[in-house]
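The sequence shown: position 165 = 165 (the UniProt record's numbering), numbered continuously.
No lab work stands behind these hints: they were computed from the structure.
Please note that the accuracy of each hint is not assured.
[As the list claims (entries may be wrong)] Each pair of labels, with its calculated beta carbon distance range:
hint, residue 1, residue 2, range
1, F39, N143, 20 to 30 Å
2, D158, G42, 32 to 42 Å
3, R44, D151, 17 to 27 Å
Idealized CB from N, CA, C, for every residue including glycine.
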Amino acid sequence: MARFLRATRAEGPGERTAVWVQGCQIRCPGCFNPHLWSFRGGERVTPAHLARRVLDAGTDGLTLLGGEPFDQAAALAAVAAEVRDAGRSVMTFTGYTTGQLARAVDSGRDDVAALLAATDLLVAGPFRADRLDRNRPWVGSTNQEFVLLNDRFPGLLDEVSRSPDRIEVTVDPAGRVEVNGWAEVDALDALLASVGRQQHVARARRAPRAPQDYSVSHESVGS
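Start from the sequences and build out the full structure, keeping to the hints where you can.
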């Protein structure tokens, strides 16, 4: 696990607990979290321990981000299932397409099937820096899909089309600044300067300054 955020309103519907996993095989050009590509680093936690932390947060549900959640599908499926069993919702971001996930399931990947079964709302597709999405919340590019896997969020797709993205800036007692949500680099720098926080902001999720070339180089879902 790379990061645990107890409560946020910038990573999905309602108030959610967000978990960023460490490691990603896709490595989209222009990714806003390249420091999460390596499978080295982060904190090793058991599924039971992580699920308990999520439930203890008392939020509406869990959002899984990364890194790439489906590269650790078995462990996260166990976490998501426990969260769902407690009546909370699960939202999962993935850089894999729905087609890639379907082919993985068809090939016998029970771990992928289990994480899909424990997910209510899937956001699927690689980030494309040449197709920035400035209208929908939570996603970075227009190719990324919102997929409702059950009836947990009726009407959400209509709401998404009318909901602007949001950005959260928090400052902890030690003065550390963290940012969640999407922001243009220049706009974020101006915001931080206005509150006297121009230094590097760890784990900030930022849109790139300019589009980059994009190519798909990874087809199979990671194990």
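Item to check | Numbered hints the structure breaks, given as an ascending list | outcome: Hint 3 contradicted; others consistent.
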